[in-house]
Amino acid sequence: MTPKKKDKRIGLFVCHCGVNIAGVVDVEKVAERLKDYPGVAFSTHYVYVCSDPGQQMIIDTIKEKKLDAIIVAACSPTLHEKTFREAAKMAGLNPYQIEIANIREQDSWVHKDKDKATKKAVKIIKSYVEKSLQNESLEPIKVDIHKRALIIGGGISGLQAALDIADHGYEVLLVEKNPSIGGKMIQLSETFPTLDCSQCILTPKMVEVSRHPNIRLLTYHEVDSVSGFVGNFKVRIKKKPRYVDESLCNLCGECEKVCPQVVPDEFNMGLSFRKAIYMPFPQAVPGTYTLDAANCLGLLPVRCGKCKDVCDPKAINYDMKETIFEEEVGAIVVATGYDLYSLQAIGEYGGEKYDDVVDGLEFERILSASGPTGGEVRRPSDGKVPKSIVFVQCSGSRDTEKHNPYCSKICCMYTAKHAMLYKHRVPDGQAIVFYIDVRAGGKGFDEFYQRTVEEDKALYIRGKVSKIFKEGDKLIVWGVDTLTGKKVEVETDMVVLAMAMVKADGVEELVKKLKISTDTHGFLAEAHPKLRPVESLNAGFYLAGCAHGPKDIPEAVAQASAAAAKVGDLFAQTELIHEPTTVPVNTDLCSGCAICLTMCPYDARSLDRERGVVVVNEVLCEGCGACAAACPSGAAQQRNQTDDQIFAMVQAILGE
Amino acid sequence: MFEPQIMCFLCKWCTSAAADLAGTSRMTYAPNGVNLRVMCSSRVDPQHILYAFRAGADGVFIGGCHPGDCHYVEGNYKTLRRVTLFKKVLQDLGIDPRRLRLEWISAAEGRKFAETMDQFTGQIRSLGPLNLNEQVLHAREEQHE
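Residue numbers (the numbering used here), protein chains in the order written: chain A, 1 to 656; chain B, 1001 to 1145.
Certain hints may be false.
[Stated by the list, open to error] Straight line, CA to CA, 30 Å or less: simulated DSS-like cross-link-like pairs of lysine-lysine: (1) K1112/B with K112/A; (2) K1012/B with K82/A; (3) K530/A with K1112/B; (4) K1088/B with K116/A; (5) K566/A with K1012/B; (6) K1012/B with K29/A; (7) K89/A with K1012/B; (8) K240/A with K1087/B; (9) K240/A with K1012/B; (10) K1012/B with K512/A; (11) K1012/B with K147/A; (12) K464/A with K1087/B; (13) K530/A with K1012/B; (14) K474/A with K486/A; (15) K1087/B with K234/A; (16) K409/A with K1112/B; (17) K1112/B with K515/A; (18) K1112/B with K82/A; (19) K1012/B with K35/A; (20) K239/A with K1087/B; (21) K1012/B with K114/A; (22) K1088/B with K513/A; (23) K515/A with K1012/B; (24) K123/A with K1012/B; (25) K1088/B with K119/A.
Treat the hints as calculated values from the structure; they're not laboratory data.
Only chain A is shown next, with the shape it has when bound in the complex (with noise of 0.2 Å):
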């Protein structure tokens, strides 16, 4: 039972949190201040009112002073709400009974008048005692889980959450743009510090992906909208065309001999060609061609149709058409990767003017066995062996004038690596790499990087590159040695740029899309920094992988297997707690004019034609409370955020 408002009785605990609250805003004046304001029936203050003993304290508190509801003045609600509402609740008290006055985030620290931040906090203490006062106790509202993970991406990340949550005995939807899964990893040579073999590492996973009888597995498909909640998303999927059917290719490649289209192989960083019917690379999954529409001369048989007329399967198949599905699932899992930063955004580096200015993924296509080359390094103008190679770190990394101020992380690893393998391939040749300062935190990473100077002879120049330039056959390379302030200038047969890791291309549609947070640099944010590094703020949705922000392989397996560890225990619920914040309608103020229904995003609310009044499924109201600012007649009451309440607070700041 809520009890009346008039005879409420409220507890306040004042928390110091050490000096952090209590060097600026004086908590015993606070307590004080507080004591006998209208409904307050205990006020006190207390260090860490989150430790253990400060959480008793409340517990007995509670039964001690007989109260109806608390309000604790610490830090923002999004830290310890869920504490103190355990810790009331195990007091008996109703958890919407507690509320959370920020006077930490919103006060302490970002005001230096100890004065002035004193009395803001007494303010916004007031206006949560006056909401207090007219909150109701409420229950919960519990809805059944859709136990299904839908997993936008196939990289590496996509692939481990994939197969984790598939292996704890759930369904999965691998949802994946391209026609192959394998994401930027299968495009790698070896990889640092071990040089395993990168296509050797991942196509066994690519394809026990494929075979796993949990996992669905979607590639050249899109996510085209979400809508729903934790627990209980719908999911429209886009399928894109292939124009051939994956059941009935066989990949004799006829199709690929005759067609006349060459493009650019995407797969292959533009180092080499493809036909406009296709399959990426020879390990990919699911294995079959695919006809990229944009590049074919014309899906009507008339125009060309070379390719249909030696499909001895009869696979091809002009007249396929875009069709979207929708799908219910309970947690998505965004694992969609990383772009590098355009060559073209550094100008004077020549990326652009220059063949054989590279960035670091085409160096690892040069690298690759399965690569334009055959492994062998050799530069793209001329396909002469380069006798010198200039690597740059930090091309476009740690640069707060004119590009991206954050450090990429994995940059420094890869530029040893590419110099080591360099080095193995071409044993005369020599290896300069630029760099700003050397990051090979990581498990056996320094001792990597070691190697790579003192066995390779690697030579490192700490310093900055200000120009790379043309003469002749020769690129030279301007810049500056920061150990002797010397300038340096170097002539060389090729360079390779470590360009920085940035947001996918195309990824602000989809986070649009799914409505989740992004960091300023448009990577996912996560929902604590420290301590929910897997999750997004919004529930339901888990990160993984470079879509988070830079990082190597082992740390995207290691947060893919977090975030599927998250969905695991999501899915081992058996029903998802809904909160009880919603709007309902007061029928006896209800007019029926319905303006609340063209308000609502979520279908919460219809019209009852018989009783002329509105009626709310409260399962589907998410309580953002449009409804309620828009009904005229006042019908329409946010439970625990009434018209009265805020008022009430207010009057509460507001009036002295």
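Starting from the structure of chain A, add chain B where the hints point.
Chain B alone, transformed into the frame defined by chain A:
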């Protein structure tokens, strides 16, 4: 110096999180605004704004998510429509519409929150006190005369 009273309605998902971030990053800004956290900026009813002015606010601030980023799909667009119209009403009521400010501040924009608070406080300070009740009384007296 005139210290304006500013009532801030902040959406839980973006602007209140930005205010938290400003705190975590130890930025400092004018203490004149006091925040009231709502689930969505679209929960703010023009009645609440008017009530705040009547209760003594010299300025009212509403913070929401950037267009397209609303946690509730499109609540911020509803807020934008309401605020745009309501500013016209304020004008008719004799309240300078600059006293009401709507700003999109994402959870990552702690600095923007701090700067906006300083800037808005400065703006309201230069507009001077609202004294709504006195103004209304004055207007009534004029009508009677």
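The hints, checked one at a time:
no.: 1; hint: K1112/B with K112/A; result: holds (19 Å)
no.: 2; hint: K1012/B with K82/A; result: holds (16 Å)
no.: 3; hint: K530/A with K1112/B; result: holds (23 Å)
no.: 4; hint: K1088/B with K116/A; result: violated (34 Å)
no.: 5; hint: K566/A with K1012/B; result: holds (24 Å)
no.: 6; hint: K1012/B with K29/A; result: holds (29 Å)
no.: 7; hint: K89/A with K1012/B; result: holds (24 Å)
no.: 8; hint: K240/A with K1087/B; result: violated (47 Å)
no.: 9; hint: K240/A with K1012/B; result: violated (38 Å)
no.: 10; hint: K1012/B with K512/A; result: holds (18 Å)
no.: 11; hint: K1012/B with K147/A; result: holds (29 Å)
no.: 12; hint: K464/A with K1087/B; result: violated (53 Å)
no.: 13; hint: K530/A with K1012/B; result: holds (21 Å)
no.: 14; hint: K474/A with K486/A; result: holds (22 Å)
no.: 15; hint: K1087/B with K234/A; result: violated (38 Å)
no.: 16; hint: K409/A with K1112/B; result: holds (27 Å)
no.: 17; hint: K1112/B with K515/A; result: holds (21 Å)
no.: 18; hint: K1112/B with K82/A; result: holds (29 Å)
no.: 19; hint: K1012/B with K35/A; result: holds (29 Å)
no.: 20; hint: K239/A with K1087/B; result: violated (46 Å)
no.: 21; hint: K1012/B with K114/A; result: holds (27 Å)
no.: 22; hint: K1088/B with K513/A; result: violated (33 Å)
no.: 23; hint: K515/A with K1012/B; result: holds (14 Å)
no.: 24; hint: K123/A with K1012/B; result: holds (19 Å)
no.: 25; hint: K1088/B with K119/A; result: violated (34 Å)
Going through the hint list in order, the structure does not satisfy hints 4, 8, 9, 12, 15, 20, 22, 25.
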